[in-house]
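Asker: Take a look at the letters that make up each chain.
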Amino acid sequence: MKKAIVLALAVVAVSVAAASAQGSQTAAARYAASGFNCSKTITLPFVTPITGGAGFLGTEQSTWARLAIAQIAPQLHLKVKLSLGDTPVEQGPAPAQALAQKYVGDPSVLIVLGPSTSGAVAASSKTYFQAKLAHISPSATRTDLTQGPVAQREATPAFFRVVPGDYIQGPSDAMFMINHLHVKKVVIMDFQEPYSTGLAAAVDATLKAHGVSTIRMSAPNTTTDYSAYVTKVPSDADIVFFPTQKPGDANTFAQQLIEQGKKAKVFGGDGSNDPSQFKVAGSYVSNFAPDITGIKSDAAVIAAWKKANPGKQVGSFGPPSYGATQVALNAISIACKAGHGFATRASVFHSVKKVRIKNWILGGSFRFSTKTNDPLNAKFYIFQIQSNGSYKLVG
Amino acid sequence: MDTFIQLTIDALTLGSVYALIALGYTLVYGVLKLLNFAHGDVFMVGSFAGFGTFQVLGGASPKVPLWLFLTLVTLAAMAVCAALGVAIERFAYRPLRDAPRIAPLISALGVSFFLSNSMQLLFGAQPRNYDTFDIHNAVLYTSGVDIGNVHMPLLRIITIAAALVLMVALWFLVNRTRTGKAMRATSFDREAASMMGIDIDRVIVFTFVLGSALAGAAGVFFALRVPTTVSIGFVAGLKGFTAAVIGGIGSIPGAMAGGIILGCAESYSQGYISTKWSDLIVFSILVAFMIFRPQGLLGRADIRKV
Amino acid sequence: MSDSTPHSSHIPAEGPAVGQDEWVARHAERRIMREGLLGTVEERLRLVPWWAWLVLFLAAFSLLPVFEHSGYVRRVAFDTVLYMLLALGLNVVVGWGGLLDLGYVAFYGIGAYAYAILDSTKFGYHLPTLVSVPLVVVIGAVAGLLLGLPSRRLSGDYLAIVTLFFLQLFQTITTNGDSAFGHDLTGGPNGILNVDPFHLFGHDLAVEHGGVFAVSYLYVALGFFAVVFVALRFVNESRTGRAWRSLREDPLAAEAMGMPVNWLKLMSFSFGAAVAALTGTLFAALNASVFPLTFYFVLLITVYTMVILGGAGSQAGVVAGALIIGPLLELLRDASKSRVIFFVTLVGALALASRRSRAMALVALSTLVLGFVVHAIAGAIHSDWVAGEHQPGFAGFADHWVVAPAHLASWITPTTYLGVIAAALLCTLLRGLPRLVALVPTLYLGAFVWENVMLAKPEPARFIVLGLILICLMILRPNGLLGERRVEIV
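Residue numbers (my numbering), protein chains in the order written: chain A, 745 to 1139; chain B, 15 to 320; chain C, 2 to 491.
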């Protein structure tokens, strides 16, 4: 039997060697200095959760990124290959860091899409920055990534995003509640993870500054049965702010509020935006994009997406990924033109902010703010769920 | 007072689900002396099987009368889980029946991992919602019994009642039938039972069928009210463990009692003490039990003969 | 088993010596040696002392960064060394003490968090590395002792539950620790950031150079590994090690012999926890951050698979297990590499099985033929059916063998996956000729499922592979690669 073991180990060793021999990389010094030939195939990695609890995010986003590459890359005379890097949220930041190392070491990577989750950005931004790799996220909205004192910011200057941060979402949601819903008492929940705690804090601060009484509750991220929390909602509360990333939970909470006869309505953040899962009438949802099916200039894109993804619905996380890919490809194109057919990571990095897009998929036009790496003049849109389950724009 | 009633209703609903899962653990432990770590994932598969049947029978607009609809969904989940339980026993535990105790435990860990990741591979990570709210205009939520100011919806009544029916049926099966007697004999002393002519393999298969079917039913009852995902198995398994151990692992009334106690502990600590630390409190109760009374409330103290 | 002849022994010419037991002295005679060259080689290798192997291994590993400049590969190598350390620690508890500790990665987390608290901007402490690392090891040992205390009276199953709950407890505390009575202790789900790197000999060990993983940490990790390996080896050869062995084999007899059974259990917990805590400091320093979710069930199963695969109880074994599983997990993220691994494993397994029975060679051949035939037919029916993603380079060898459709209908995934599982289980039930016949389509279907279903979603596929390895190991070879076969005395 020992012979078999030795043989087995040898087999494994050979297999490992063979498999890894394909991915041999050259010295670090080389890629920073020399340029990449733009006529060769560029690898565009997309770091997003494809499996795990937030897997629906990456699955949706990747389809739009693919569509963008298929439509835009030929127009810009670029050969681009999408490479998906999976960061399941259950495993914390480690996958993001390992993937960052992998892409830094791959010379055909000039720019990175994502990471889609704020936690992954915080974990890997330094690595990308040191390698001069710009990373454009379609959905990492945490405030601390780009706001606050420079030393405390969680992301580096190499981080860009095409959607506004929670520092806009929080106050705008709160102001809507104050101005349109005339709230007196609001229950604010968080789920002990970065997205919700940040948003909850922002909403809490704004509401308190305007004299609204707030009650804070905190549930573990793995909670599925909210009965006890619903019991603690006072009967005179007007709104329960519920910044979950699982639309099903917002739905459950709203149902249980009705079940227990409470008058409060659920107000969800952009994480709960999913008409197929969150459909209790009377609830509110905020999102960084209006429903793009209502934007005329997007009709062709939507049709192409539906053809490539039969039977699926247009969600809210997908279109910003299309936009992020568009920005990335345009940045590469600008850098390639300026470098006469050669681009380096540094040149692509510096080209990102020069990108201007006229018919932005989320409506209007797109450019980055000069002061931060966030979009200029972005706003959040607020919807109310109607009795037939559709989302109506109310603010 | 209203809060107390509401919390008690929550406790009973939660507790009945935990009791059903705990029963599965207890049954298997009694007969095989094995902690079936994969049980939580069988529960998860049950909730998905119920979801599939739900969709096939019409989803939020059922094609059959409501009571038949819910019964069919539950029975389908129970059947799928029973088959799954039998398969797991046959292929992952039976070859290890005479191996050191650590071996089937580790195999169970492997099965649990395999099951939850296979379900994720096949069905993806997004939550599945039974949409019971939309059935007949929320009749399951709005109609029901009013206790004082507190409304107890029909759905919870059905869940608690169905769990009770299953537990009574189980009690009947274990205490009043021949196979049940064989099961009790096997759990008492396996070798003596086989010498008495009892077919151990059949008894064990029967045990797994019962335990897994109960887990499947628990899966459906759980998912009727909240969305289910592929990752609920681990935590549900832990809670089921806790309930079984509190009540006394190996004892069937113990598992039922343990489930209710666990549901109450969770609900009251969430309601009265703090929602953040309720998990900690529950686990501390468990650890206290393990240290001071490892046989649980109703279990027998394990006397090892040398 | 291959042929065997008793080997000539080393009986001293002048007869048995005084004070030396003749039976013990002649033990070499009773070892069954293999014939021929392999037998001589094996016997020579057996004479090489364990520390020589260690030195050789360390030298080979240290030379890796010389040949491989990619930051990614070096990072994977570092992670593998971390896994090796974790496996060594778990080996103490499971392999030597015989205790099923399901909360092991909580100690890993305790070490990481302790280092993060002592050396970061969180509370402003910046203890020198040479103070904080030993301190964290001590903290880990104490934590192991504390966990062991309530577990003294518990037997195998109950111990497993309590330790599993300890893991869950750790997870709950770290996730909610940002508002413990108004104080932020653990940073909650956001974790602790800006953890200091190691500061040795007056220099900060930078984590990255230009974004690429710095090699110095790999060498520090190897250093830790050498120290831990040697230390544990000495502990195992001492009285404590022998006492552990007796405890593991038969606790009752050990107690009857006067072994301090409870104290031994505590010691094994403590040692394991100390090693895990040490590894935690490395992890925290390199990643410059700690988060609660890393130290949870998935990592636990991974480390357990390494230990079981390598052989619980054998240090060299668990290191080998970590060496195999660590890079395997990383390689399985990539579709083309996964395909290579699958086929090499398949061919290797078939080759091994063919040595035992000629029939298996026939099975291998028929599967090969079946593959080409089916591929040709599928391609003839509809070119779309074989137009799927073709792997580049070396991995393209199986493009004409396995069917890879361009578009997979949604019902194919669950049907073929469940189908291959059912077929494999059926093969275990059959015997003789029906089994061989059933194996052929099963193997081909397995290749199809791997290619189209599992490679489409590498994350759960990796863990499915782990789960399968665990199950098959326990059934077929519970002692792993280099462990000893144990018989439990009941």
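Rather than coming from a laboratory, the hints here were simulated on the basis of the structure. Accuracy of the hints is not assured; some may be wrong.
Which chain A residues face chain B? A few, computed with CB under 10 Å, are given here [as the list claims (entries may be wrong)]:
id: 1; residue: 794
id: 2; residue: 993
id: 3; residue: 1020
id: 4; residue: 1035
id: 5; residue: 1044
id: 6; residue: 1046
Ideal placement from N, C-alpha and C gives every residue a C-beta, glycine not left out.
Asker: Does each hint fit the structure? Answer for all of them.
Answerer: Hint by hint, here is what the structure shows:
no. : hint : in the structure
1   : 794  : holds (8 Å)
2   : 993  : holds (7 Å)
3   : 1020 : holds (9 Å)
4   : 1035 : violated (20 Å)
5   : 1044 : violated (28 Å)
6   : 1046 : violated (22 Å)
Checked against the numbered hints given earlier, this structure breaks hints 4, 5, 6; the rest are met.
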